[in-house]
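Mind docking chain U on chain D? Use the hints.
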Amino acid sequence: MSTLLPIKTKKGWLVLGIAGLGVFFYASFSSAFEGYANTDYTNVFYRVASDTADKWSLSPTVASGQFQMWGNRYVPNVNQKLCSVGSKIFRANEQFPATAETIYLRIFKNVSKPEISSVGDHTNEEFFVENHTSADYHTIADFTDIFSNFVSSSVDYTYLKIKSKDQSVTCVTLEAGNTYWFVFQHEANANDTYYGFSSAPQVFTNITGMARDSGDSINTWHEISTGGLWSFELRNDLTGGIIGGLSPPATPSYNFTNQDFGILGNFFRDVIVFLFVPDSANLSRFGDLFERIRSKPPIGYFTVFKDTLSTLQVASGSITLEVTAITGVVSPIKTGIAIILYVILAFWVIRRLMHLDL
Amino acid sequence: MITNFFLTIFYNFLLVLMLPITALSDVTLPANISSSISTASTYLGNINSVFPATTLIIILGIILGIEVFIILYKGINWLIRKIPTIN
Chain D
1 MSTLLPIKTK KGWLVLGIAG LGVFFYASFS SAFEGYANTD YTNVFYRVAS DTADKWSLSP
61 TVASGQFQMW GNRYVPNVNQ KLCSVGSKIF RANEQFPATA ETIYLRIFKN VSKPEISSVG
121 DHTNEEFFVE NHTSADYHTI ADFTDIFSNF VSSSVDYTYL KIKSKDQSVT CVTLEAGNTY
181 WFVFQHEANA NDTYYGFSSA PQVFTNITGM ARDSGDSINT WHEISTGGLW SFELRNDLTG
241 GIIGGLSPPA TPSYNFTNQD FGILGNFFRD VIVFLFVPDS ANLSRFGDLF ERIRSKPPIG
301 YFTVFKDTLS TLQVASGSIT LEVTAITGVV SPIKTGIAII LYVILAFWVI RRLMHLDL
Chain U
359 MITNFFLTIF YNFLLVLMLP ITALSDVTLP ANISSSISTA STYLGNINSV FPATTLIIIL
419 GIILGIEVFI ILYKGINWLI RKIPTIN
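Protein sequence lines, in the order shown, are assigned to chains D and U.
Here the working numbering is used: the first residue of the first sequence is 1, the next is one more, and so on.
Here the working numbering is used: the first residue of the second sequence is 359, the next is one more, and so on.
Calculated from the structure, these hints are not laboratory results.
We put the CB at the ideal spot given by N, CA and C, even for glycine.
Please note: incorrect hints may appear among the correct ones.
To be verified - Label pairs and their computed distance ranges (CB to CB):
| id | chain 1 | residue 1 | chain 2 | residue 2 | range |
| --- | --- | --- | --- | --- | --- |
| 1 | U | ILE441 | D | ARG294 | 24 to 34 Å |
| 2 | D | SER331 | U | ILE441 | 51 to 61 Å |
| 3 | U | LEU437 | D | LEU264 | 41 to 51 Å |
What the hints assert, rightly or not - Below, in silico cross-link-like pairs of lysine-lysine (BS3-like), each with a Cα-Cα straight-line distance of 25 Å or less:
| id | chain 1 | residue 1 | chain 2 | residue 2 |
| --- | --- | --- | --- | --- |
| 4 | D | LYS296 | U | LYS440 |
| 5 | D | LYS306 | U | LYS432 |
| 6 | D | LYS306 | D | LYS296 |
| 7 | U | LYS432 | D | LYS296 |
Extracted from the complex, chain D is given alone in its bound form:
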């Protein structure tokens, strides 16, 4: 054995043994490897240290067309990839039948206070997460089934995916030392009241909050006590969706079935997991490698052109042909031309494949 390891003395073996035991017990008892925080350090919930149960930020009832918002300031200690934000959402006092609503999570960078404004682009707004009506996002309407049985309260857990201003879903990097405001916003209807959010198992230390409160004017931030902060989860992937129930998602600790081997067996299992199972942040960053070169030559010559070409669409024309009166004639002709085009395409594909020179 001594020939395999460069340890010649008993003291060396003692140090190695203590280090091994340290790893063993760290892996066995460290909460970082348990629960839905998983082995991914960047997926962290933030909540107030004193909270032990669900804590809801009050949303004032406002008149129709006004909006409600809460803001949390976050200063990451290390660079942190952010793709989606998870939180519980509570909807109360809904006037049924429920109608689709839009909620926003806006992210501001390096401002003393986030801008208060209605829906739309904000100055200094870096990115925003929107609970949008498109298929990519979870709308409040998606909650309809859940809220249709509304009695006194309804809670659900959802992920809001990061969107850039050009509406594309993307991931961003929260840079260490910079200030980010996470502002949750809901444009209210009369008598609607939204509350958020949940407590979670991990504690933040570098976050403060502000909100609009019922007594505040529309453009005033009201500093709130830590007990009124909403909690949220920063995720570095785009997975997830609406997850029912009162608890945050019960993700298996290791992304596979968490087999129980008993106390001693679990110790060894945890050690093996600690040593050999890579965390998802480590794996997911490989997916970002292409992003580094996608706009660089020579790949960029293709991707940039492809992106530009994808903007080709049937835009509003400068000429308006009034064909309403002859729709019965034009529609079959259009359909016929479309069929002819597809037939030509089919012939082209066949010919292309027959003369394929690989």
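Chain U in isolation, oriented as in the chain D frame:
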């Protein structure tokens, strides 16, 4: 931890390999190309009421997709043939 260690080494190795590319400046298309596509979109809008312009765009996309697939296929084959002992 061990897997993470090797993955980190591999990741950094890839970063070094990509360095000659990442050091280059971003590609920017001439503005005329963007404006010409915008103009083409307007023209398509003009004839859309009597001609299936949407179908035309779909077919154009399919043709481009097939051509890109063929180019990629050839490119990957070319790369594979550069591996020693593979003809």
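Hints, verified against the model:
Remark: the range hint 24 to 34 Å for U/ILE441 to D/ARG294 is upheld by a beta-carbon distance near 25 Å. The supplied range of 51 to 61 Å is met by D/SER331 and U/ILE441, whose beta-carbon atoms lie about 56 Å from each other. The hinted window of 41 to 51 Å between U/LEU437 and D/LEU264 holds, with their beta carbons roughly 50 Å apart. With a C-alpha separation of about 24 Å, the suggested pairing of D/LYS296 with U/LYS440 holds against the 25 Å cut-off.
A distance of roughly 19 Å separates the Cα atoms of D/LYS306 and U/LYS432; the hinted pair therefore holds under the 25 Å criterion. The straight-line distance between the Cα atoms of D/LYS306 and D/LYS296 is roughly 14 Å, inside the 25 Å bound, and the hint therefore holds. Distance check on the hinted pair: U/LYS432 and D/LYS296 sit about 21 Å apart at the alpha-carbon level, within 25 Å; holds.
Violated hints for the displayed structure: none, as all numbered hints are satisfied.
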